[in-house]
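**Q** Chain residues, written in single-letter form:
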Amino acid sequence: MTAVLRRGGLGLVAWLAGIVFFLPIAWMALTSFHSEADAATNPPSFTASLTLDGYREFFGTGGGASPWPALVNSAVASVASTLLVLVLALPAAYALSIRPVKKWTDVLFFFLSTKMLPAVAGLLPIYLFARNAGMLDNVWLLVVLYTSMNLPIAVWMMQSFLAEVPVAVIEAARVDGARLPTVLTRVVAPIALPGIAATALICFIFSWNELLFARVLTGVVAETAPVFLTGFITSQGLFLAKVCAASLVISLPVLAAGFAAQDKLVQGLSLGAVK
Amino acid sequence: MTATTTAPLAATDERTVGQPSARLRAWATRAPLLPALAFMIVVTQLPFVATLVISFFDWNALYPKARRFTGLDNYRQVLTDADLRHSVWTTVLLTAGVVLASLVLGLALALLLDRRFRGRGIVRTLLIAPFLVVPVAAALLWKHVLYNPEYGLLNGLLHYVGGPQPDWVSRTPLLAVEASLVWQWTPFMMLILLAGLQSRDQQQIEAARVDGASDWQIFRHLTLPHLRRYLELGALLGSIYIVQNFDAVFTITSGGLGTANLPYTVYQSFYQAHENGLASAAGVLVVIGSIVIATFALRVVSSLFREEVSRA
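Protein chains in written order, with the UniProt record's numbering: chain C, 1 to 275; chain U, 1 to 312.
Don't read these hints as lab results, they were simulated from the structure.
If you're wondering where the values come from, they're calculated on a predicted model, not measured in any experiment.
Please note: incorrect hints may appear among the correct ones.
[What the hints assert, rightly or not] Computed spacing ranges between beta-carbons, pair by pair:
#  : chain 1 : residue 1 : chain 2 : residue 2 : range
1  : U       : Y63       : C       : S49       : 51 to 61 angstroms
2  : U       : W27       : C       : W140      : 26 to 36 angstroms
3  : U       : Q203      : C       : A168      : 27 to 37 angstroms
4  : U       : V42       : C       : A173      : 24 to 34 angstroms
5  : C       : V79       : U       : R209      : 44 to 54 angstroms
6  : C       : P69       : U       : A26       : 47 to 57 angstroms
7  : C       : A173      : U       : V53       : 46 to 56 angstroms
8  : C       : L12       : U       : R76       : 53 to 63 angstroms
9  : C       : R179      : U       : A22       : 19 to 29 angstroms
10 : C       : T182      : U       : V53       : 39 to 49 angstroms
11 : C       : A189      : U       : L24       : 24 to 34 angstroms
[Said to hold, decoys possible] To give an idea of the interface, some chain U residues facing chain C are shown, with a C-beta separation under 8 angstroms as derived from the structure:
#  : residue
12 : R30
13 : P32
14 : T70
15 : V123
16 : L153
17 : H159
18 : V286
19 : V292
20 : A294
We put the beta carbon where it would ideally sit given N, CA and C, even for glycine.
Required output: the full structure, derived from the provided sequences and hints.
**A** So, in structure tokens, the structure goes:
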């Protein structure tokens with residue numbers, strides 16, 4: 001009896017914790033559907049009528065800058081760098097797992113060690129280079145930098161996913177005369193597809209979220225969604241609904257990608273060390 | 001001369017009969033690795049070398065003609081500057097505070113979620129959500145929607161119980177930044193620890209239970225030792241990301257009120273003060289600090305890794 005009660009009680013505690021952690025997001029969602037006047041009240045109003053004004057304001061139909069160019073830039077930077085990461089990481093992971101090069105663990109750790117080099121350590125030379133090369137405010141520069149940011153994680157993740165591909169299958173294809181690109185695309189990729197998809201999602205999320213490089217290296221043309229959001233840092237209560245609408249819309253791709261990859265997410269974020 | 005010309009010839013001969021030389025084969029194995037390696041070296045190592053070089057120059061971008069070599073002067077200045085030393089301390093407090101708090105909370109939540117109860121999948125999804133909000137958006141949410149003294153949710157809820165109405169960000173600025181980061185990173189710790197809990201040997205636990213071990217004894221002597229590696233991994237990965245945090249500091253306080261950590265300080269000293277040399281020296285110091293964490297980190301990750309290889 002007490003065991004049943006305790007189990008039920010702990011389930012209740014878990015529910016409570018889940019609600020507490022989710023409350024800020026739920027409140028943000030509710031506020032985004034309030035009028036600005038209703039959003040900025042104390043005590044908070046739970047019953048105010050709902051409106052799409054915050055979203056209209058955000059998308060620029062109610063005046064103000066349109067977020068579309070920033071959203072498009074973020075999409076271009078994230079998708080392009082994710083594709084580039086896959087193109088570079090897949091062969092590398094192949095060399096590290098299926099046909100291991102000598103000292104392959106050392107190479108793997110080199111990749112990881114670059115992840116521990118803080119972004120600020122190279123920011124200034126990259127800025128100076130971009131300025132002299134006329135590449136400031138250019139979304140393709142972000143593509144290159146985001147690729148370097150995600151490549152180590154991708155190599156680690158894919159190394160652990162590819163290690164699960166049976167070697168016999170690959171040997172058979174090689175005996176049949178298949179060359180490396182064919183082996184990768186026809187044999188390895190299909191088997192490791194779920195892992196590759198998870199890797200891609202995680203790279204996409206990190207690129208979409210990135211602020212520091214985008215803030216320093218872009219301006220008007222190549223501004224990304226997080227940089228667009230920084231425009232709200234000093235905004236006062238008058239724009240609360242708009243801030244909430246903006247934050248939610250810009251978080252939506254990450255929330256969707258993250259929920260879709262829940263299980264692989266943890267394995268990926270812990271570099272494949274946790275299964 | 002003859003030797004060098006015959007060697008490749010011999011290799012070609014061998015290849016024509018279908019036996020590539022060992023050296024060729026070694027390069028064939030290495031080749032797929034080279035594009036990724038070359039890319040990483042060019043994009044991450046070269047800029048760092050450049051930062052290292054710039055750190056030895058007195059160079060303000062507003063006065064480019066006055067640029068000159070000063071040796072270790074920038075480092076001396078960085079280490080004696082009270083603001084910079086403060087930002088080192090802030091970085092330590094921020095990283096240690098957030099990592100420890102989110103680990104403890106994450107462990108508690110993972111233990112709760114490891115049990116079967118109605119709606120476990122929904123609760124898990126609710127708990128993961130904070131980690132999936134874009135960091136700038138999460139920081140804006142805390143700054144405007146939760147912390148605001150006049151219309152923020154925190155004071156709104158306090159209003160119902162007749163509590164005080166503090167201005168959170170100006171009263172406890174560092175704690176305000178930390179709380180928002182703990183909220184974002186607890187789900188990450190929970191996910192790693194949950195994976196750890198679910199990889200426990202159930203038979204061993206059953207056996208202990210049959211032998212009359214209490215829940216606490218099982219936790220203390222079986223679960224916790226098993227979780228040690230997962231706790232370490234969570235702490236290290238969390239540290240790598242939080243030591244570099246820029247978004248929360250930039251958004252919530254803009255580095256004001258003593259919350260400027262090293263990444264923010266480096267950003268500020270070159271982006272706003274245009275002090276290229278000083279910024280680079282500070283950047284190099286961040287790297288040295290990271291290397292200290294990284295050496296420890298790599299050891300832990302590699303021990304995890306070795307364990308897995310030996311299992312395979």
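**Q** State for each hint whether it applies.
**A** Results for each hint:
1. Y63(U) with S49(C): 51 to 61 angstroms: Cβ of Y63(U) to Cβ of S49(C): about 58 angstroms, so the range 51 to 61 angstroms holds.
2. W27(U) with W140(C): 26 to 36 angstroms: For W27(U) and W140(C) the Cβ distance comes to about 31 angstroms; the hint holds.
3. Q203(U) with A168(C): 27 to 37 angstroms: At 32 angstroms between Cβs, range holds.
4. V42(U) with A173(C): 24 to 34 angstroms: 33 angstroms, holds
5. V79(C) with R209(U): 44 to 54 angstroms: 51 angstroms, holds
6. P69(C) with A26(U): 47 to 57 angstroms: With a Cβ separation near 49 angstroms, P69(C) and A26(U) satisfy 47 to 57 angstroms, so the hint holds.
7. A173(C) with V53(U): 46 to 56 angstroms: 48 angstroms, holds
8. L12(C) with R76(U): 53 to 63 angstroms: 59 angstroms, holds
9. R179(C) with A22(U): 19 to 29 angstroms: 20 angstroms, holds
10. T182(C) with V53(U): 39 to 49 angstroms: 45 angstroms, holds
11. A189(C) with L24(U): 24 to 34 angstroms: 26 angstroms, holds
12. R30: Interface hint status for R30(U): holds (5 angstroms vs cutoff 8 angstroms).
13. P32: OK, holds: P32(U) within 8 angstroms of chain C, min 3 angstroms.
14. T70: 16 angstroms, violated
15. V123: At about 4 angstroms, which falls below the 8 angstroms cut-off, the nearest Cβ of chain C leaves the hint on V123(U) intact, so it holds.
16. L153: 5 angstroms, holds
17. H159: The hint holds - H159(U) has a Cβ within 8 angstroms of chain C, the shortest such distance being about 5 angstroms.
18. V286: 5 angstroms, holds
19. V292: Constraint on V292(U) not satisfied, violated at 10 angstroms.
20. A294: At about 4 angstroms, which falls below the 8 angstroms cut-off, the nearest Cβ of chain C leaves the hint on A294(U) intact, so it holds.
Violated hints for the displayed structure, listed by number in ascending order: 14, 19.
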